[in-house]
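A.B. asks: Going down the list, the protein sequences come from chains C and W.
Each residue of the first sequence is one higher than the one before, counting from 234 in our numbering.
Each residue of the second sequence is one higher than the one before, counting from 2 in our numbering.
Be aware that one or more of the hints could be misleading.
[What the hints assert, rightly or not] Pairs of lysine-lysine residues, derived as DSSO-like cross-links and limited to a Cα-Cα distance of at most 30 Å, are as follows:
1) C:K769 / C:K512
2) W:K13 / C:K423
3) W:K7 / C:K423
[To be verified] Calculated from the model, a selection of chain C residues having no Cβ within reach of chain W, i.e. all distances over 10 Å:
4) E239
5) C272
6) T297
7) W353
8) P448
9) K472
10) G473
11) A526
12) P748
For the record, the hints were derived by calculation from the structure and aren't laboratory data.
Here a beta-carbon is modelled for each residue, glycine too, at the ideal position from N, C-alpha and C.
As a plain string of letters, each chain reads:
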Amino acid sequence: MPSPGETVPFLDPLPGRSGLTSWIFSTDHKRIGMLYLWCILTMFAVGVVIGVLMRLELIAPGRTIMGAQTYNAMFTLHGVVMIFLFVIPGIPAAFGNILLPLQIGAEDVSFPRLNIFSWWLYLTGAVLAVTSLFTGGGPPDTGWTFYVPFSERTTTNVSLAVVAVFILGFSSILTGLNFITTIHRLRAPKMSWGKLPLFVWSLYATAWIQLLATPVLGVTVALVFIERLLGIGLFDPAKGGDPLLYQHLFWIYSHPAVYIMIVPAMGVVSDIIPAFARKSIFGYKAIAVSSLAIAFAGSLVWAHHMFTSGMSDTAVLVFSFLTFVVAIPSAVKVFNWVATLYKGSIHLEPPLLFALGFIFLFSAGGLTGLVLGSAGTDIHVHDTYFVVAHFHYVIFGGTGFGLFAAMHFWFPKIFGRMYDRKLANASWYLLVGGFNMLYFPMFLIGLMGMPRRYYDYLPMYQTGHIISTVGSWVLVAGLVTMFWGLSKCLRGPRTVGRNPWGAATLEWTLPSPPPHLTFLDPPDEVPSPYSYAGVKRDA
Amino acid sequence: MPEQHKDYLGDKFGMWLFLFTEILLFGGLFLLYAIFLHRYPAEFHQGGLELSRVFGAANTVVLITSSFTVALAISALQQGRRGLCQALLAATIVLAGVFMVNKYFEWSTKIAHGIYPGSSEMAQSGGTNIFFGLYYVMTGAHGLHVVIGATVLAFCMLRIAQGRVTAEDFGLLENGGLYWHLVDLVWIFLFPLFYLIS
Chain C
234 MPSPGETVPF LDPLPGRSGL TSWIFSTDHK RIGMLYLWCI LTMFAVGVVI
284 GVLMRLELIA PGRTIMGAQT YNAMFTLHGV VMIFLFVIPG IPAAFGNILL
334 PLQIGAEDVS FPRLNIFSWW LYLTGAVLAV TSLFTGGGPP DTGWTFYVPF
384 SERTTTNVSL AVVAVFILGF SSILTGLNFI TTIHRLRAPK MSWGKLPLFV
434 WSLYATAWIQ LLATPVLGVT VALVFIERLL GIGLFDPAKG GDPLLYQHLF
484 WIYSHPAVYI MIVPAMGVVS DIIPAFARKS IFGYKAIAVS SLAIAFAGSL
534 VWAHHMFTSG MSDTAVLVFS FLTFVVAIPS AVKVFNWVAT LYKGSIHLEP
584 PLLFALGFIF LFSAGGLTGL VLGSAGTDIH VHDTYFVVAH FHYVIFGGTG
634 FGLFAAMHFW FPKIFGRMYD RKLANASWYL LVGGFNMLYF PMFLIGLMGM
684 PRRYYDYLPM YQTGHIISTV GSWVLVAGLV TMFWGLSKCL RGPRTVGRNP
734 WGAATLEWTL PSPPPHLTFL DPPDEVPSPY SYAGVKRDA
Chain W
2 MPEQHKDYLG DKFGMWLFLF TEILLFGGLF LLYAIFLHRY PAEFHQGGLE
52 LSRVFGAANT VVLITSSFTV ALAISALQQG RRGLCQALLA ATIVLAGVFM
102 VNKYFEWSTK IAHGIYPGSS EMAQSGGTNI FFGLYYVMTG AHGLHVVIGA
152 TVLAFCMLRI AQGRVTAEDF GLLENGGLYW HLVDLVWIFL FPLFYLIS
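Extracted from the complex, chain C is given alone in its bound form (with noise of 0.2 Å):
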């Protein structure tokens, strides 16, 4: 006779564990992922808001609905909020934490308590960061790097964005050190390494790098809230310090950073594309093995940001060849998938098209990067426009374009009900339509010499900004669409089976939803995860 845990759906109250309290001192495992899943669809709302607003400010030279101050405190917010609240926790804190025991065949991570305290953790540093808005001497002004001396200098609310930071890089360190356990010692006894989910491998080197940058970057923000409250001057030029210390650490976390952001989306659309080309991944071992190789080579490149710093030819030749190294296993990623689509039977569901707009949008910020790594040319570019859309096609196109497709593709799963797929299939459109639309022109107006975080600029780059609004409009369409498509099935019958798109890794093996209590035994068999001979639908 199973227990009520085994049965009920982990979404529905448990007999006598039910309300508020029942979701956020859960210890379990999928219950913590739906709660980051729902905090950082909050803070990309906010992010998306924030972006939305600069964007109406920009269609015009001089003050269009804001003034300079505001506009500063904005790309500061909009970058700290997405960047620290909405991307780095995306994809490994909500679906690594929903899928990750799943896929290996686990009961839960190893440290189940440690799990809901990072995501308290999480949650206190989110309401930091929006508190230091409306606290202080007004919302920081200093862009998401917090570049000193200026961050050590204004007036404005930086201590308490820094101690948010702060919160937010234990809270990541805590959620990586529990993946890297848990993927060591709770794998099905079956589960090898040769068959782990790839999702899961990415998830492994990206909790790596979490554990291994993130105390830098920790260490390196207490010392502005430090210099700010004793005036110590480490980075402080007048006192005897060095600005250039500041970015070298900053950067050591920052840039590895990137990769937790990109990696955990390169192991969602490895598990998408062979699920929907009806065969197995090529390049299984090229793929798993290049996301230890990006998070490796990421770790050496980070002063790549400092070219225009003052650093020695040496050093900028050094990190610029560093920085080369890293294309080569992201373009060993890109190619496989390439390789894995071809003669496949494709199915073209909404999750395949977001799998192949992260493909084309990530390889277009991708080789914009070599530009940037490219030292002769980066001074050109470097804080220009160029910049603004090299990142965003990286991490908008590419970690947002991943979460878009880890929504379509577990969706159903997580909630055992199908979204709207006609809708699903419009909001992609409309988003590759209006990104490209809105990111583009930023290229061209940054060769153009267009520099970044300025809120006036010349009526020679007006065209291009112009564009560039109109083109914020149609992705805002393509969300509200997308979030519409979604959400107006998650009321009505729980109708999906286990497994509707006839996918080979573990979690398509439970019920949808699954129930609150899953692999108290692990699983007998272990499958490959991409082999999908015998594998039936079950819509």
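Guided by the hints, dock chain W onto chain C, whose structure is given.
C.D. replies: Using the frame of chain C, we list chain W on its own:
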């Protein structure tokens, strides 16, 4: 039955990963130290002379002794000698207290001599300011870890008293001990870098 799910190796593994992050956190500070030492060798030499080697050496002995007592405490628990274990843990916490009291006197002497952030003494030259800035930041961060470590050991004592940590199930105490050794280890590097640099 939660016992059945205990993963002793997993807990240890997670702890070692956490210690790794602590080393990286201090690593950032040690990196700053290395660069500034290279830039201001004379001021660092001069600054080191200002610090009291007696205080520093005493605190080094205190911390190494405390690492010894915590290691003994773990062995005592494994042999089932709970009372001895609790006494040794209490001794460790007392030693931590001694360390912090020493630190208090050291810092207050410095401050009384006009060496504190923003003072005219520290602002003599950039190098001096950086040396003492690093001194306060790094020994301060370390002191914070001493307090956290002592709290963790106190928590272990509570768990042992409750019978939740026992001769058979000593993972928590062992991990607490590991953390304490890390705190000790950091000091082993801080001591020569600040007190013996001249």
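A.B. asks: What hints, given by number in increasing order, does this structure fail?
C.D. replies: 8, 9, 10
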